[in-house]
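Q: If you read the protein sequences in the order shown, they are chains A and B. Residue numbers for the first sequence follow the working numbering, so the first one is 1 and each next one is one higher. Residue numbers for the second sequence follow the working numbering, so the first one is 282 and each next one is one higher.
By construction, these hints were calculated from the structure, which means they are not laboratory data. Some clues are possibly wrong.
Counterexamples of contact, computed for chain B against chain A with all Cβ distances above 10 Å [stated by the list, open to error]:
id : residue
1  : A382
2  : Q393
3  : P422
4  : Y448
5  : H461
6  : K513
Calculated lysine-lysine pairs in the DSS-like style (CA-CA distance at most 30 Å, straight line) [what the hints assert, rightly or not]:
id : chain 1 : residue 1 : chain 2 : residue 2
7  : B       : K555      : A       : K183
8  : A       : K237      : A       : K146
9  : A       : K255      : B       : K405
10 : A       : K199      : A       : K224
11 : A       : K123      : B       : K473
12 : B       : K416      : A       : K123
13 : A       : K224      : A       : K110
14 : A       : K237      : A       : K170
15 : A       : K224      : A       : K183
16 : A       : K276      : B       : K513
17 : A       : K276      : B       : K555
18 : A       : K255      : B       : K473
19 : A       : K146      : B       : K524
Just so you know, even glycine gets a beta-carbon here, dropped at the ideal spot from N, CA and C.
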Amino acid sequence: MKDNFLNNPIRFLSLGKFTVSVNFLLVAVFMLSACQKDPEKVVSATAAAVVEVPRLANGKPDFSGIWEATSAADYDLEPHSNRKDAPPGAGIIEGKFIPYLPEALEQRKKNFEQRASLDPAQKGYTLGVPRGIYYPEPFQIFQREKDLILVHQFGHSVRTIHTNNTDHPKDPYDWWLGDSRAKWEGDTLVVDVKHFNGKTWLDRSGNYHSDTLHVIEQWTYLDKNTIEYKATLEDPKVYSRPWSLSVLLHRHREKDFQLIEDYRFTLEYDEHYPPKPPVQQ
Amino acid sequence: MKKNLVGWMPRVAAMVAAILASSLVVQNIYAQGGGIQIERSFPAIESGEWTGARLPDGQPDVQGHWSNTIANHNNFTDPQGGIPNDPNPRPADGGPRDARAPSRVSDPADGQVPLQPWALEKVKEFQVGFHNPTKPEYIEPLARCAPAGVPKSLYWHGYEISQYPGYVLFQFNSGTRIIHLDGKPHLPDNIKLWNGDSRGHWEGNTLVVDVANHNGKALFGRSGEFISENGKIQERYIFNSDKSRYNYVATITDPTVYTRPFTITIPARRYTEKDTPNGWHFEVEPATHAGSELILEHYERICAENNGGFGITAAQK
């Protein structure tokens, strides 16, 4: 198991210089000034105020683990009543609705009408960004100082988020998952994602984007088992202005939980393999 | 401007066309150490102590880009012998058998997969049908962008190994394997997967992996050998301590398909910033950044037909 020093208060305190964040210091100073009359309270109150999260050796939050949203966002990002193929949902969009350009709104309506056959996920295609994050299957983050590798159970698609001060390629392709370059702003991972193809949807109700999609993600620990995920999407071909969504991601903590590869695009032909032995009489 | 999405198949097709163009070209590629087939023979590596660098969690550090050194998946037991029954064989594939790399089957000594009669019959049928696929089962599943599976992923393009506390991650050109090092039990037996379910641990310089839960669908190559969903694979990835090479030595057991367990050996070498990127073994591009240091990175690997394209012909039959 990972040796997480933040789960050990004694080592945490002894390594204070290494791990104490600016927030921690501010909180500590505030607590000290507020509680001078009762010094014993300072220690416990200060410890409780710190959000203890796993960290890499360089002090940055370590998002390693298996994550999944419990939100019904993938049914429809926008507020909607129940219907045969979806439970009701209040939506996850700031401002409730996606600011489509007029002709794009018409396309979205067509997508909705034909969602059962047109949804790329129905064919097992790679889900894209941000859909892969809130789609109701787990994904695993493998994190090093230089990158985060996200393996999505659905399609076993792999996305790399680079955290090594590199920038987008000068001569890019169009990618299913775009090209992800990230920086740390305090304890928040801010990811700039672009160079998408236009083949993925945002949910199974037909909300969509084009190949000019640009996503800015913010990943922040709320506590050691919960990530607040925010994404701001801009796409001048489809939306009239940038808009944002957010979901909470929960850490899978079930005993022996693991990803189970889900290459479902192979289901339509996999019955033909391997050769079968003669039927025993 | 964005480039058009060029998947790996057009590049492979171009490479194959170039190789077919003239034997002189083939010779030149070999002389330069490029191409897919580099070595006729390779050194043994003994299992033993690891004296190289370690990661903070204690694992031998074997992270980086790797690729096999002898051939692709054209032929499992005569790796440099070309596709069996190929109507248009490559000039380089001829000549005496001992002029080419040995069989990947290192035990038994005859280099052949010890197939039961029914399975041998199926393999021979595939080797004919492959060149004129009149049935869906004659399409090599990798051509439909199915994961290459175990062991084929290890001789299908280069791949990247990265390591984390509790895990070794293989990012292959077609498929991804997560090796769990924490000793959790295998998945329930009725769950069957293209890459199986892998449990590993380190013994000195050797990563030992037990692979169960195979779906048996990936085949071993264009020569059609296969394992069934009852098969087990015990893998040993034996690294040399200067982290330049490893040999994959695996014992494959399956009472449904074989007459006895057999052993396969697949040599691999590492690729670094000192190597020239190429479209087979070392598919990387220089990263954009402010510094002068060369940083090589691989782009997204999502097979085109996974999302439409190559192999559609077969699907439409």
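Q: Now look at each hint and say whether the structure bears it out.
A: Quick rundown of the hints versus the structure:
With a cut of 10 Å on Cβ distances, A382(B) stays outside the contact zone with chain A, its closest approach being about 26 Å. With a least beta-carbon separation of about 17 Å from chain A, Q393(B) lies farther than 10 Å from that chain, consistent with its non-interface assignment. The Cβ of P422(B) sits about 6 Å from the closest Cβ of chain A, inside the 10 Å cut-off, so the non-interface label is violated. A beta-carbon of chain A is positioned within 10 Å of the beta-carbon of Y448(B); the least distance is around 7 Å.
Distance check on H461(B): its Cβ comes as close as 7 Å (rounded) to a Cβ of chain A, failing to clear the 10 Å threshold; non-interface status is violated. For K513(B), the condition that its CB be more than 10 Å from all CB atoms of chain A holds, with the nearest at approximately 15 Å. Using a Cα cut-off of 30 Å, the hinted pair K555(B) and K183(A) holds, with the two alpha carbons roughly 28 Å apart. About 33 Å separates the Cα atoms of K237(A) and K146(A), which puts this hinted pair outside 30 Å; it is violated.
Simply put, K255(A) and K405(B) have alpha-carbon atoms about 45 Å apart, too far for the 30 Å limit, and the pair is violated. At roughly 34 Å between alpha-carbon atoms, K199(A) and K224(A) are farther apart than 30 Å, so this suggested pair is violated. The hinted pair formed by K123(A) and K473(B) meets the criterion: a straight-line CA distance of about 20 Å does not exceed 30 Å. Restraint check: the Cα-Cα separation between K416(B) and K123(A) comes to about 23 Å, which is no more than 30 Å; the hinted pair holds.
The suggested pairing of K224(A) with K110(A) is violated, with an alpha-carbon distance near 42 Å, which exceeds 30 Å. Taking the CA atoms of K237(A) and K170(A), the gap is near 22 Å; set against the 30 Å cutoff, the hint holds. With a CA separation close to 20 Å, the supplied pair K224(A) and K183(A) stays within the 30 Å bound. Restraint check for K276(A) and K513(B): the C-alpha separation of about 17 Å stays at or below 30 Å, so the hint holds.
Between K276(A) and K555(B), the direct Cα distance comes to roughly 47 Å. Violation of the 30 Å bound is thereby established for this hinted pair. Under the criterion of a C-alpha separation no larger than 30 Å, the hint pairing K255(A) with K473(B) is consistent with the structure, at around 21 Å. Using a Cα cut-off of 30 Å, the hinted pair K146(A) and K524(B) holds, with the two alpha carbons roughly 20 Å apart.
Hints 3, 4, 5, 8, 9, 10, 13, 17 from the earlier list are contradicted by this structure; the remaining hints agree with it.
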